[in-house]
Each structure stands twice: as structure tokens, then as C-alpha cells.
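Peer 1: Below are the chains, spelled out letter by letter.
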Amino acid sequence: MLVIHRDICGYCGACVSVCPEGALELIDAYLTVDDHCTACRICTRICPLGALEVADEAKV
Amino acid sequence: MKRKYDVLIVGGGPGGALAARTAAEKGLSACLIEKRPAIGVPVRCAEGIGKETLKEFIAPDDRWISAEIDSARFVAPDGTSMTIEQEMAGSKVGYILDRKIFDRELVWQAAAAGADVFVKTRAVSPLMDDGSLKGATVAFCGEERKVGADVVIAADGIESKFARWCGLDTTVPMRELMSCAQYVLTDIDIDPHVTVFYFGNRIAPEGYLWVFPKGDRTANVGIGISGRKSKDGHRARHLLDRFITDSFPQGKKVELIVGGVSVCRPLPCTVADGLMVVGDAARLSDPMTGGGIANAMITGRLAAEVAADAISRGDVGRDALIPYDDGWRSSSVGKSLEKNYRIKEVFIKLDDAKLNALIQSASRLDLKDFSVLTLVKELIKRNPKMLLELKSLYSVLK
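Chains A and B, in that order, give the protein sequences.
Residue 28 in this note's numbering is what sits at position 28 of the first sequence, and the numbering runs on without skipping anything.
Going from the second sequence to this note's numbering is simple: count from 1 and add 1000.
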């Protein structure tokens, strides 16, 4: 599942634009992810700050 | 907020503001909503714009012009640099804005023209009636309400959702999303009238690093790298920090700005029944420079003009709105986007040795004597090993 590190996130919305599922949305300064997320990791790659991570389900 | 407007504009950046101002000037009832609690912040921009384009929309004003630029310097990976003066660069030379003030001014103008403006108000979903778009459900402080509109103009930027909710695929390919970071850096030694661009696969892979002056000792120092080159420990912020440590170790970071810029081709179609998409939301930022303000203002205004015409005829279906899409695509906006897309595709494939060779040979020429086209011709003569790349560049430019 996608983990949003809110202490790192710069709420810029770059991730929203690359999400093929439309699963991300930026609500002012708060990034949300819905259950359409397939953990494809594209957003984790492009984040300028490294605020997104796909975590192993078992460890969460 | 009324229950029904002629035009509902989603997003309060330059595209939305021009759409709202134009719609109101055309006598339409217009409502602009901005999800953030203030117009103009947070800044997501390097703030450069060409002088001539800007003047078509608003009279230049010192309150929102941070610096006036008269030349641009390009720095190769090996440190060789070439400078292009104002006469040759044409409209590429211009202003560095203060977007916090600039955006606010544009929205105030829209309000003065008669548009309604609401902040901290976001579109939650399209309002559909019998399968066609009839406005949006919007939320303010947790309170939802339906706002009817004949036409919705989606001006919601890089993080656009509205067009996607209406069925348009707005996904930016990973390799064509520039992952960007920028500091407003102060107390640094710069030339206050020169923009500097650094190229190289180590410094800014498939992108560039910029120093855009904001005053005598202050600049926007930022970087954009291709999404596919971004990874742990090697992200936009890391590469920018490394550059600043090397080049401006005494600089003080007074603002951190991050963001994404699309350098893909525009959306295949920027209208649907009752919907028009403008600016960054339509993926209209320039693929070569990353600049988005000018195209946002141009398309924002054009969208409102076409909307006014369509509404007066009583038909806001896709076919009635298509003159907007045809309009920008066949104008200098569409042509320049396609040309610059192809130039970008040539440039991102150049390795550092080729970038060095290009800038070295250009730096030996007196650029005052050259148009861009004759410059490329001259570079072909001097760089026979790069014939293939330069020929494709030449064919795009001519």
C-alpha cells in the first residue's frame, strides 16, 4: 500500500498528474490516496522530495 | 454563491483568472473557485515570462515584477558558457514575476470585471444531468453545494482532476513529468538581469537547473529533472542541494518550492460537452522551457470567448466548443508547442560530451550575427559528429 510521509510531502501535486488510476488527489495541503491505487510506484519515483513509499502490507 | 452561472471556472491561477475576467467582460455570469485559502500561494513556479506575451494581458507593474531580464546564459556540463543577448533571444527575454502578487492582481481584475470569486472552495465532482455536464458540486469548509453552469472551465493546473472526472485521460507519462524543486535563495552574488541555465546529465538529467534573478542578491534557484531519472537519493531536491552547496554555499534559503511540470504533448482534445480545459491542466506548458503562464492566459481567455459565443447560441456541446480546441492548436501556441516538443526530444538525448561540444562551438561565435536557424547551420559545420542530431533540430526549426 502507498504510504504518504506527511512530514516530507511538499503538497505540490506532481504525483497527482502521473497517477494512471487517478487515485491521488491534492486537497489544499493534504494529499489523499483512494483504493484505486495499484502500488505501481510511479508516484514514488517522481516525487521531488521522496514523500511517497510503497510499504509491504505485512509490515504495515 | 448563486445556484447557477453561465461559466464556472475551477482554479484561480493565471488561466482561471483570464477565463473569469474575459467571461465577465463579455457579460457572462462567471464564478471562479480556488481550493486553496489564498490566491497566488503556495508558489509552484520559476516565475519567468516573455515581455511581449505578458503585455497582451496586463500592463507591467513594478509591484509584481521582481526583475527585468536582458540576456540568458547557457552553461555546459564542463562549465563553458554562452550568452544570448536580448536582440537575438526576442520574446524569450522578459520578466521574473512575483507570482504571489501577480496572481492576486489577475484575480482582482476578474472580480472587478464582475466575476464571483470563492477561495478554500474546491470542486468535489462534476454535476451530471441526463449524461451531460451541468456544473459541479463544490465544497467550502465541509459544506457541499451544487453549482450549475452552462460551461465549466477546468483551470486546475498540473494536479488537475476535473477533466479526468469528465472522462478525459490527463495522465502525464512518467518520463514527461519534470520533477522540480526550487529555493528562493538570498544573499548570493548574481547578475541581476541575466537568467542562467545549467545543462548536463549529472547536474540535471533530461532537464536543466536555473538561476532566475529576483533582485540584486536574490534568485529563484531551481531544477527540473525527468521523472524517469528521479529516484531515492537522486531526486530534484538532492541534486539542487548539491549544486547550491557547490555554487552558493553562503546562500540563505528563504523559501522551498516543489512541483511538477508536464513536457508531454497537449491533451488530444481539450473540450467535451460543457467542458473546456486550459493551461497546465490541458498539458500546455512549454515542453522545452517548462513555462506555463503565457499559454494558460492565452487559452484561458480564448476558452471564455468561445464559451460566450456558444452560450449565446444556446449550444454548449462538444461540437459548439471545439473552436476553442481548434483555435489554440492552429495558432502560434499550438505550433510552438509542437516545435518545442520536437526540439526537446532532440536535446534530452544529447550526452554531456555533445552538450559540451555544442555550447563550446556556439560560445566562439558572435551570436549577434545569427538567427537561431543560421546558428544551427553553423553548429552543423563545426560539429560533423553531431550531424544526425543537429539535422533533426534544423528540420524542426525551419
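These are calculated hints, taken from the structure and not from any lab test.
Errors might be hidden in some of the hints.
[To be verified] Covered stretches of chain A (in silico footprint by chain B; criterion: 3 or more residues with CB under 8 Å from a CB of chain B, positions within the stretch not fixed):
hint, region
1, 16 to 28
2, 43 to 54
[Stated by the list, open to error] Covered stretches of chain B, going by a simulated chain A footprint (3 or more residues, C-beta under 8 Å):
hint, region
3, 1179 to 1187
4, 1354 to 1363
Just so you know, even glycine gets a beta-carbon here, dropped at the ideal spot from N, CA and C.
Peer 1: Identify every previously stated hint that the structure contradicts and give their numbers, smallest first.
Peer 2: 4
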